[in-house]
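A.B. asks: With chain L held as given, fit chain W onto it using these hints.
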Amino acid sequence: MTETLSAPTSTHPSAPWWKTLLAWLLWLWITVVLVGAFTYAPPAKGFVNLYSSRILFFHVPMAWVSFVAFISAGVWSLLFLTRGRRQRHDLAAAVAVELGLIFCILATLTGSVWSRIEWGAFWNWDPRQTSIVLAMVFYAAYLVLRSAIEDDQARARLSASYALLGLVVAPFLYFVLPRISFSLHPAPVVNQSGQVDMESRMLQVLLGGAVGFTALFFWLHDTALRLRLLAARNDDRR
Amino acid sequence: MSSWLAEASAIFAKDWRAEARNLYALNTLGLFAVTTLVLVSVGLGPMGVTAAGAQVLPFLLWIVLLFATSAGLPRAFVQEEETHTATALRLAARPSAVFWGKLAFSLSLTWALEALVAPLFLAMVQLSVKSPGLFVVGLVAGGFGLAAASTVIAAIIAQTRAGSTLFAVLSFPILIPLLLLVVELTRNAVDGATADVVLRQLLLYDGSVAVAGAMLFPAIWNP
Chain L
1 MTETLSAPTS THPSAPWWKT LLAWLLWLWI TVVLVGAFTY APPAKGFVNL
51 YSSRILFFHV PMAWVSFVAF ISAGVWSLLF LTRGRRQRHD LAAAVAVELG
101 LIFCILATLT GSVWSRIEWG AFWNWDPRQT SIVLAMVFYA AYLVLRSAIE
151 DDQARARLSA SYALLGLVVA PFLYFVLPRI SFSLHPAPVV NQSGQVDMES
201 RMLQVLLGGA VGFTALFFWL HDTALRLRLL AARNDDRR
Chain W
1 MSSWLAEASA IFAKDWRAEA RNLYALNTLG LFAVTTLVLV SVGLGPMGVT
51 AAGAQVLPFL LWIVLLFATS AGLPRAFVQE EETHTATALR LAARPSAVFW
101 GKLAFSLSLT WALEALVAPL FLAMVQLSVK SPGLFVVGLV AGGFGLAAAS
151 TVIAAIIAQT RAGSTLFAVL SFPILIPLLL LVVELTRNAV DGATADVVLR
201 QLLLYDGSVA VAGAMLFPAI WNP
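As they're listed, the protein sequences go chains L and W.
Start counting the first sequence at 1; every next residue gets the next number (the working numbering).
Start counting the second sequence at 1; every next residue gets the next number (the working numbering).
Next comes chain L alone, as it looks inside the complex (with noise of 0.2 Å):
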C-alpha cells in the first residue's frame, strides 16, 4: 500500500542534490548582481540621464540569452534531426524558443525605455531594434508551427527543420542591417578594434549580469524540460 503511495522515483525523479545546490548558488548570484548594478557600478558619464546606464546591466544579458536560446534551438534541433530524434532534443529546442522569445520581449522593453530616455523615442527602427524584432517574429512563427501539427513526430520533425533554416538564413541579417540604416545603438561590450571599452567597475557588473542570465536561461531550461517530459510521459500513459 505505502509503495503505491509514495511518488515513484523513476516516473517523478527529483534534482539531485548538486542542482539544488547550484539553483542557490544562481540566486545567490543574481541577488549580488542586482545589488551590484544599483550600488557597485557608477553611474555612465556622457549620457543624457546619467542613472539611465543602470537598465544595461539587465537590458544587455537579456539580449545575450535571447541569442543564446537561438543558437541552442537551433543545436537540440540539429540533435533530433541526427541523433536518433529523441523527443527529448525536440521538447529541448521548443522550450529554449519559449524562453528566448520571453528573453526577446524582456531586451526589447528595457531597450526601449532606454531609448525613450537617451534618444527621446521608443522606438526609432535601429539596426538592433530590427533585428531583434526579426528574431521574435522568427520565434513566432516556429510556436506556430508546432501549433498547426497535431502528431509529435511529424511537429518535431517539422520544426527542427525549421528552426535550422532560420540558423542558416540570420547571419545575413548581421551583414545588411548595419548597412542599410545608420546606428546610434552603443558601441558592443567589445567593440570593433577588439579594445573592452568600459570602466571596470561596470564592465564587472555586465559580465557578472551575462553570466547570472545566462546560468537562469539554462536553469530555468532544465526546469521546464523536465516538467515537458513528465508531461509527455503522463499522456503516453493514458
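Honestly, the hints are just simulated from the structure, not real lab data.
Take these hints with a grain of salt, some might be off.
[What the hints assert, rightly or not] Only part of the chain W face toward chain L is listed, based on derived beta-carbon distances under 8 Å: (1) Thr160; (2) Arg161; (3) Val169; (4) Pro177; (5) Leu203; (6) Tyr205; (7) Ser208; (8) Ala212; (9) Pro223.
[Claimed, not checked] Pulled a few chain L residues facing chain W out of the computed Cβ check, cut under 8 Å: (10) Leu78; (11) Leu81; (12) Leu165; (13) Gly166; (14) Phe172.
Keep in mind that this is a model prediction, so the values were computed, not measured.
In this text, a Cβ means the ideal position worked out from N, Cα and C, and glycines have one as well.
C.D. replies: Relative to the frame of chain L, chain W by itself:
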C-alpha cells in the same frame, strides 16, 4: 546520376503538365501581380520621374513579387497533399530529386512572373534603370532565392493543418534578409551604382538556402 536527373526532370515536367491543364498557378500569380501593379500605379502616378522614386519603387516592385509568389508557390506541395498524390511521389522518386524538380518548377514560374511584371512595372511608374544588366541579375538571383526558400517552406506547411495560410507566417522571417539585399541591389541598378558586395551576399544567400534546403528536405519530406 542519370536516373536522379530523370526523376527530377520527370517531376518538373509533371508539374508543368498539371499546370497546363488549368493554368491555376500562372493565373493566380499573374493576376495578383497585375492587380497590385495597377493599384500602385494608380495610387502613385508616374513616380519614377521624381527623386523619391528611385528609393521607393524598387521596394514596391519586390513587395509585389513577394506577395504574388506567396499566393502561388505553396501550391507546389499543398496540391500533392490535398489530392493524396504525395505518397505516390515519395515512392516514385528520391527526396533530393523531388526537391530539385519542385524547385525548378517554382523557379521557372517565378522567372516567368518577373518577365511579365518587371517591364510592366517600369513602364507604368516611368522608372528608368541606369544599369539594366544589374537589374536583370537582381531579378534572376532574387527570384532564385524566393523560389528556393518557398519550396522548403511549402514542403513544411503542406503537412500542417493550416496549409497555405501558414505560408506567409513561416516564409517572411526567412525571406526578409533576401528582400533587404535584393531591394538594395535593385536601388543600385536604378541609380547606376556598383553593387559587388550586395551581389556577392545575395548569391551567398541563394547558395546557403538552396544547400540547407536540399540537406533538410529528406527530413521534411519523409514521415
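A.B. asks: Now tell me, hint by hint, if it's right for this structure.
C.D. replies: To see whether the hints hold, each was checked on the structure:
For threonine 160 of chain W, the shortest C-beta to C-beta distance to chain L is roughly 4 Å, which falls under 8 Å, so the interface hint holds. Evaluation of the arginine 161 of chain W hint against chain L yields a held restraint, the C-beta minimum of about 5 Å falling below 8 Å. Contact between valine 169 of chain W and chain L, as hinted, is supported at the beta carbon level, the nearest pair being about 5 Å apart and thus within 8 Å. The closest approach between the C-beta of proline 177 of chain W and any C-beta of chain L is roughly 4 Å, which is under the 8 Å cut-off, so the hint is satisfied.
Look at leucine 203 of chain W: its Cβ only gets to about 12 Å from chain L, farther than 8 Å, so that hint breaks. The interface hint given for tyrosine 205 of chain W holds, since its Cβ lies 6 Å from the closest Cβ of chain L, which is under the 8 Å cut-off. Residue-level restraint check for serine 208 of chain W holds (minimum Cβ-Cβ distance to chain L is 5 Å; threshold 8 Å). Using the Cβ-Cβ criterion of 8 Å, the hint placing alanine 212 of chain W at the interface with chain L is satisfied: the shortest such distance is roughly 4 Å.
For the restraint placing proline 223 of chain W at the interface with chain L, the shortest Cβ-Cβ distance is roughly 7 Å, inside the 8 Å limit, so the hint holds. Taking 8 Å as the C-beta cut-off, the interface hint given for leucine 78 of chain L is violated, the closest approach to chain W being about 10 Å. Restraint check, leucine 81 of chain L versus chain W: the minimum CB separation of about 5 Å is within 8 Å; hint holds. Taking 8 Å as the C-beta contact cut-off toward chain W, the hint placing leucine 165 of chain L at the interface holds, the least distance being around 6 Å.
Annotation: interface hint on glycine 166 of chain L holds; nearest CB of chain W at approximately 7 Å, less than 8 Å. Checking phenylalanine 172 of chain L against chain W: minimum C-beta separation of about 4 Å stays under 8 Å; hint holds.
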